[in-house]
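Build out the structure end to end from the sequences listed, making use of the hints.
If you're matching them up, the sequences are chains U and H in order.
For what it's worth, my numbering labels the leading residue of the first sequence as 5, then goes sequentially.
For what it's worth, my numbering labels the leading residue of the second sequence as 724, then goes sequentially.
Just so you know, these hints were derived from the structure itself, not from any lab.
The structure presented is a predicted model; accordingly, all values stated were derived computationally and were not measured.
A few of these clues could be false.
As the list claims (entries may be wrong) - On the chain H side, residues computed to face chain U include the following (Cβ under 7 Å):
id, residue
1, Ala-736
2, Gly-810
3, Tyr-815
4, Thr-838
5, Gly-851
6, Phe-854
7, Gly-867
8, Ser-868
9, Ser-871
10, Asn-872
11, Asp-875
12, Asn-877
13, His-885
14, Thr-889
What the hints assert, rightly or not - Using C-beta positions, here's what the derived DEER-type ranges look like:
id, chain 1, residue 1, chain 2, residue 2, range
15, H, Phe-763, U, Ala-78, 56 to 62 Å
16, H, Lys-762, U, Glu-207, 29 to 35 Å
17, U, Glu-287, H, Asn-918, 54 to 60 Å
18, U, Gly-65, H, Ser-829, 54 to 60 Å
19, H, Phe-811, U, Ala-59, 16 to 22 Å
As the list claims (entries may be wrong) - Listed next, the in silico EDC-like pairs over lysine to aspartate or glutamate satisfying Cα-Cα at most 20 Å (straight line):
id, chain 1, residue 1, chain 2, residue 2
20, U, Lys-153, H, Asp-831
21, U, Lys-308, H, Asp-914
22, U, Lys-220, U, Glu-149
23, H, Lys-803, H, Asp-875
24, U, Lys-178, H, Asp-875
25, U, Lys-320, H, Asp-813
26, U, Lys-153, H, Asp-919
27, U, Lys-35, U, Asp-286
28, U, Lys-275, H, Asp-830
29, U, Lys-319, H, Asp-914
For each residue, glycine too, the CB sits at the ideal point set by N, CA and C.
Chain residues, written in single-letter form:
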Amino acid sequence: MKTNWFKLALAVLAAITTAAFAQTSFAQAPKAKIAVVVSTLNNPWFVVLADAAKARATELGYDATVFDSQNDTAKEAANFENIIASGYKAILFNATDSSGSVANVRKAKAAGVPVFCIDREINATDAATSQMLSDSYAGCVKLGEYFVKTVGKEGEYAELLGILGDNNTQNRSKGFHSVVDRFPGLKMVAQQSGEFDRAKGLEVMESILQAHPNIKAVFCGNDAMAMGAYQALVSAGKDKQVKVFGFDGADDVVKAIAEGKITATGMQFPKTMARKSAEFADEYIKGKRDFLQKVPVAVELVTKENVSKYGDYGKK
Amino acid sequence: MRVVRWIIALAVAAGVCWLFPLFHVVPLQAAKAEKAAAKFDAAEFADTFWNKRLLPGLDKTVKADVLLAAIQADPAAAKKKFARSVGFSDAYFYFVSGTGRVVSVSDDGVSLAITPGSTNAEVILLAGLIFGDAVRDGTGLLNGSDYSNSQDFNDMSAALDHLVETRVLPGLHEQAKIGAEISFAGCAEVDDEANDLKPLKVIPIQTKTR
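Put into structure tokens, the structure is as follows:
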């Protein structure tokens with residue numbers, strides 16, 4: 005009987021030791037890696053986009069890392085080289101340049117790494133696995149209609165464009181002008197690039213105000229530039245005279261709309277886009293292959309009338 | 724011997740360059756023409772699409788009396804059965820046709836009563852400036868994934884809106900007399916159900932008087 009107890013104790017000890025070893029080796033098994041490559045982290049909107057993508061990929065069990073391209077295609081290319089060499093399973097990608105970024109995506113595809121574009125389009129339909137894109141054009145049609153409704157059918161206005169090589173810049177401007185240009189009394193007296201940057205938006209707006217002191221409104225291709233433009237208007241004492249329109253749905257602009265400082269913006273839902281893209285990557289890694297090439301995400305008009313429904317980069 | 728080798732090497736190099744030239748000299752005008760030909764012509768594409776696919780595709784519409792009855796009974800069920808949407812969006816489209824009697828006319832729209840005996844505006848045919856993507860996206864005949872640059876796809880939307888304004892609306896303005904019966908086909912975008920369903924706001928693609 006004594007011998008049996010001793011054997012049992014030995015068996016239990018062996019089982020515990022085996023389980024402990026197994027657990028240790030299981031814990032040490034590296035997680036599959038997903039890269040989040042973002043055009044810039046110098047704009048809070050893209051920080052939200054990157055953080056949401058990383059958080060969802062982590063929730064899904066991946067080791068996610070964010071790479072900042074600093075709005076530089078060369079830096080972006082270096083990030084891709086690094087990612088491909090480091091064995092990442094998928095790339096969630098916010099491009100710096102619609103045309104210039106295509107080569108990087110093709111390189112990843114050739115290496116067997118699927119790329120899921122978020123928010124910014126690349127000009128190819130055979131490179132990325134899927135592209136989840138804000139419908140900037142339709143969003144700016146709505147902004148254009150609200151612009152005419154609030155500014156009126158006559159008067160001078162200015163436009164701050166984003167980065168000229170980015171399709172979003174052109175789609176936003178074209179959507180806006182598809183409406184506003186139909187009203188001949190509305191005259192655009194200045195159109196300059198603020199490069200999607202708040203400081204640059206402020207600087208450009210200051211020079212526009214010197215040359216065109218009578219403008220009634222400014223349409224900005226993103227919210228960072230809208231905040232910069234608003235700052236310039238406050239400094240010039242013209243913040244009550246000039247209506248500011250942005251695009252993105254950034255938290256500070258949504259708050260400024262509620263306070264009556266900014267007139268309107270287009271809510272882009274960066275968290276939704278980022279989370280869905282991470283889920284697409286997960287589905288790809290698990291075997292799915294039939295993805296829609298372009299998945300548009302609707303943009304909603306945010307104004308003082310409905311601002312209470314929005315916040316935290318989405319709908320409350 | 725060395726000279727012969729050099730001659731052979733130069734001959735081979737010349738042959739390779741001849742077969743695979745490093746650059747081509749092209750007249751400037753020809754290069755510009757080639758670039759222009761490669762550019763997407765939204766107006767031309769919209770014209771071809773309108774004649775060859777959109778007008779022949781009007782048989783894919785849902786009948787207005789059927790749709791309005793379905794919306795009246797259960798808007799969510801009507802949406803599920805008859806609407807289409809694109810990507811992630813709360814907005815959706817109806818591709819609809821029918822016949823109605825003109826009950827009111829304004830610069831922006833022609834209001835029609837569809838249900839027999841009704842005097843209410845149940846459909847408004849938009850007749851002012853046309854904006855947005857309802858005609859492009861409402862039919863299900865075009866897909867954004869087929870276009871490498873979304874700017875082309877968006878230019879097409881503006882070109883289709885322009886065709887509505889130039890080909891459909893002049894006739895509609897002439898047809899729009901109180902009491903007249905108008906047959907129509909078109910696209911309706913529902914962005915805000917509280918305002919867009921009753922009456923249903925339709926961008927007309929074709930109208931006829933009966």
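Status of the hints after comparison with the structure:
1. The closest approach between the C-beta of Ala-736/H and any C-beta of chain U is roughly 30 Å, which is over the 7 Å cut-off, so the hint fails.
2. Look at Gly-810/H: its Cβ gets to within about 4 Å of chain U, closer than 7 Å, so that hint holds up.
3. At its closest, the beta carbon of Tyr-815/H sits 10 Å from a beta carbon of chain U; the interface hint therefore is violated under the 7 Å criterion.
4. Residue-level restraint check for Thr-838/H is violated (minimum Cβ-Cβ distance to chain U is 30 Å; threshold 7 Å).
5. Interface hint status for Gly-851/H: violated, as the beta-carbon distance to the closest one in chain U is roughly 10 Å, over 7 Å.
6. Annotation: Phe-854/H was flagged as interfacial toward chain U, and the flag holds, the nearest CB pair being 5 Å apart, inside 7 Å.
7. With 7 Å as the threshold, the beta carbon of Gly-867/H comes within range of chain U, its nearest partner Cβ sitting at about 5 Å, so the hint holds.
8. Here the hint on Ser-868/H is kept, as its CB sits about 4 Å from the closest CB of chain U, short of 7 Å.
9. Contact between Ser-871/H and chain U, as hinted, is supported at the beta carbon level, the nearest pair being about 5 Å apart and thus within 7 Å.
10. Because the smallest distance between the Cβ of Asn-872/H and any Cβ of chain U comes to about 5 Å, under 7 Å, the interface hint for this residue holds.
11. Annotation: interface hint on Asp-875/H violated; nearest CB of chain U at approximately 10 Å, more than 7 Å.
12. The closest approach between the C-beta of Asn-877/H and any C-beta of chain U is roughly 4 Å, which is under the 7 Å cut-off, so the hint is satisfied.
13. At its closest, the beta carbon of His-885/H sits 10 Å from a beta carbon of chain U; the interface hint therefore is violated under the 7 Å criterion.
14. Annotation: Thr-889/H was flagged as interfacial toward chain U, and the flag is violated, the nearest CB pair being 13 Å apart, outside 7 Å.
15. For the hinted restraint 56 to 62 Å between Phe-763/H and Ala-78/U, the CB-CB distance of approximately 29 Å leaves it violated.
16. Checked against the given bound of 29 to 35 Å, the beta carbons of Lys-762/H and Glu-207/U, roughly 34 Å apart, stay inside it.
17. The supplied range of 54 to 60 Å is broken by Glu-287/U and Asn-918/H, whose beta-carbon atoms lie about 37 Å from each other.
18. Our hint of 54 to 60 Å for Gly-65/U and Ser-829/H holds, since their Cβ atoms are close to 58 Å apart.
19. A hinted range of 16 to 22 Å holds for the C-beta pair Phe-811/H and Ala-59/U, which are about 19 Å apart.
20. Simply put, Lys-153/U and Asp-831/H have alpha-carbon atoms about 15 Å apart, close enough for the 20 Å limit, and the pair holds.
21. Straight-line distance between C-alpha atoms of Lys-308/U and Asp-914/H comes to about 18 Å, which keeps the hinted pair within the 20 Å bound.
22. Distance check on the hinted pair: Lys-220/U and Glu-149/U sit about 16 Å apart at the alpha-carbon level, within 20 Å; holds.
23. Taken as a hint, the Lys-803/H and Asp-875/H pair is broken in the structure, with Cα atoms around 30 Å apart against an allowance of 20 Å.
24. Using a Cα cut-off of 20 Å, the hinted pair Lys-178/U and Asp-875/H holds, with the two alpha carbons roughly 11 Å apart.
25. Restraint check for Lys-320/U and Asp-813/H: satisfied, since their Cα atoms lie roughly 15 Å apart, inside the 20 Å limit.
26. This hinted pair checks out: Lys-153/U and Asp-919/H have alpha carbons roughly 18 Å apart, not beyond 20 Å.
27. A distance of roughly 13 Å separates the Cα atoms of Lys-35/U and Asp-286/U; the hinted pair therefore holds under the 20 Å criterion.
28. Straight-line distance between C-alpha atoms of Lys-275/U and Asp-830/H comes to about 41 Å, which puts the hinted pair past the 20 Å bound.
29. A distance of roughly 15 Å separates the Cα atoms of Lys-319/U and Asp-914/H; the hinted pair therefore holds under the 20 Å criterion.
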